[in-house]
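No gaps in the numbering here: position 169 of the sequence shown is 169 in our numbering, and each next residue is one more.
Read the hints as simulated data drawn from the structure, not as lab findings.
Since we're looking at a predicted model, the values are computed, not measured.
There is no bait here: all hints are sound.
Pairwise CB distance ranges, derived in the manner of DEER restraints:
| # | residue 1 | residue 2 | range |
| --- | --- | --- | --- |
| 1 | Arg42 | Val164 | 15 to 21 Å |
| 2 | Pro7 | Met40 | 32 to 38 Å |
| 3 | Thr231 | Met40 | 21 to 27 Å |
The beta-carbon is built from N, C-alpha and C at its ideal position, and this holds for glycine as well.
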Amino acid sequence: MINLLQPAVYTALALAVMLVSGNNLSACVSTAVGARAITMRRAQLLGGVGYSLGITLQGRSMTRAVHLLLPVASEALILEVFAVTVIIFILGKLTRASISLTMSLVGVLIGASLSSGVAIDRRIVIETVAMWFITPIAAALTAYIAVKANAINAARNPWRRLVVIRLILVILSFTSAYTLGTNTLGFLVALSGYTSTSLIIGVVSAFLGAIALSRGEIRRVGAELYSLRYTPALVTLLSTTLLVEAATLLGAPLSNTQALS
Numbered sequence: 001m002i003n004l005l006q007p008a009v010y011t012a013l014a015l016a017v018m019l020v021s022g023n024n025l026s027a028c029v030s031t032a033v034g035a036r037a038i039t040m041r042r043a044q045l046l047g048g049v050g051y052s053l054g055i056t057l058q059g060r061s062m063t064r065a066v067h068l069l070l071p072v073a074s075e076a077l078i079l080e081v082f083a084v085t086v087i088i089f090i091l092g093k094l095t096r097a098s099i100s101l102t103m104s105l106v107g108v109l110i111g112a113s114l115s116s117g118v119a120i121d122r123r124i125v126i127e128t129v130a131m132w133f134i135t136p137i138a139a140a141l142t143a144y145i146a147v148k149a150n151a152i153n154a155a156r157n158p159w160r161r162l163v164v165i166r167l168i169l170v171i172l173s174f175t176s177a178y179t180l181g182t183n184t185l186g187f188l189v190a191l192s193g194y195t196s197t198s199l200i201i202g203v204v205s206a207f208l209g210a211i212a213l214s215r216g217e218i219r220r221v222g223a224e225l226y227s228l229r230y231t232p233a234l235v236t237l238l239s240t241t242l243l244v245e246a247a248t249l250l251g252a253p254l255s256n257t258q259a260l261s
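Start from the sequences, fold in the hints, and give me the full structure.
Structure, rendered in structure tokens:
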């Protein structure tokens, strides 16, 4: 008898990664696009490369979170988790509700474990929730301090400063996409087992999502982030990148959009 569950899991993985990569790329590159530091197409390519490298180089670190949140998992259960997560994500987009896929996925994994009668490690839950609370506060404080410091120490050469900031925005757009790949997208790939097959599917889907599904969201978010002015937008990207990378090293799920908000 042919096992159709594994292909179904891979299909669900591809769909989830494409949706998330396309939707969340705006959090990484919109400021640089809005500042005209990089074109839309190049920003999409930059984000796709960042995603791919992040999933490949550090995505495996998210297997810890999956194993602790869902200690016992069958292919059928993983497929159900993917399906519920994607449905929640789509409903959130249709209703324009601010829903984090990472938070939704963690909740679904906990619910799946509890409904199956499997005990989960409380440490990962405490660590993850703590990161969700600390990260936005830390990002906001960092941005506030940086803006105040920038107002006091105005640059003598504003044009040179503008060129440097635009260059840094492009670099941070890449690093932000990289960390999103390591954590959020790596979390999705890890859920499917982080095999060579799931890794390839994740990388290809992330790249396709960045190229095909991100344009509208980049334009919308770009106007909002660009209104922050250069310095706070730059500091926001930097703090987001560092905080999500720290969460990845700890093996805790944290979305760039959570830090950005």
